[in-house]
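Chemist: Work out the full structure, taking the sequences as your base and the hints as a guide.
First to last, the sequence lines map onto chains A and D. Each residue of the first sequence is one higher than the one before, counting from 5 in the numbering used here. Each residue of the second sequence is one higher than the one before, counting from 33 in the numbering used here.
Treat the hints with care, since some could be wrong.
To be verified - Here are the simulated SDA-like pairs of lysine to any residue, each with C-alpha atoms no more than 20 Å apart in a straight line: (1) K35/D / R116/A; (2) K59/A / L80/A; (3) K68/A / Q42/A; (4) K101/D / Q138/D; (5) K45/A / K101/D; (6) K70/A / L30/A; (7) K45/A / T135/D; (8) K35/D / Q64/A; (9) K133/D / S87/A.
In short, the hints are calculated from the structure, not lab data.
Below are the chains, spelled out letter by letter.
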Amino acid sequence: GAVVSQHPSWVICKSGTSVKIECRSLDFQATTMFWYRQFPKQSLMLMATSNEGSKATYEQGVEKDKFLINHASLTLSTLTVTSAHPEDSSFYICSASPPGTNYGYTFGSGTRLTVV
Amino acid sequence: DAKTTQPPSMDCAEGRAANLPCNHSTISGNEYVYWYRQIHSQGPQYIIHGLKNNETNEMASLIITEDRKSSTLILPHATLRDTAVYYCIVRVGRGGTSYGKLTFGQGTILTVHP
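Modeler: Structural data, given as structure tokens:
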């Protein structure tokens, strides 16, 4: 089946530093990937839509200069949290939809970001 | 996408069937019902989806009412590993103009007891 790999699975960083999270589609090409954020005991919230070869589309209230998205190839999208602060600590999840199917989306295993 | 309503939590005994309801009274004719689940600290996992006919796969069954305003996800023999948050999502299928975004509600926390 289609697999989306996300790396790292967890990261701890100091306040003010930047962190990059990778999302790869392992056995299919994904022109579009999605990035979600989930705070403890809350549901997933869509942050942005990553488009291969073009700018990402951000949801309302998400700072595009803080959450940099790069989708340079058909199998890789990256999310960089710049100048991270403790309030950015969250669970970040990416997803993509294998082409030719209608069964929905495959999600990565998520990245737990802790900013100290 | 149409809004969905699910009970916040449910309990089920191991080995018994778990029936998770979902209301989607404003569903449109071109919208599918999708079910995902999320086990603690993992990404969501696709379970099943349907348009208007009942569906069954190796994981679960999906029963959609004739008016399509509600549906039920059935896990026929729940195990402890089925303990998770279950999300019912209504959205257009591939080819729809808004295809791509998934809007997650609060879901139902299913706890399977020994």
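Chemist: Compare the structure with each hint and give your call.
Modeler: Evaluated hints:
no.	hint	result
1	K35/D / R116/A	violated (28 Å)
2	K59/A / L80/A	holds (14 Å)
3	K68/A / Q42/A	holds (18 Å)
4	K101/D / Q138/D	holds (19 Å)
5	K45/A / K101/D	violated (28 Å)
6	K70/A / L30/A	violated (27 Å)
7	K45/A / T135/D	holds (16 Å)
8	K35/D / Q64/A	holds (19 Å)
9	K133/D / S87/A	violated (27 Å)
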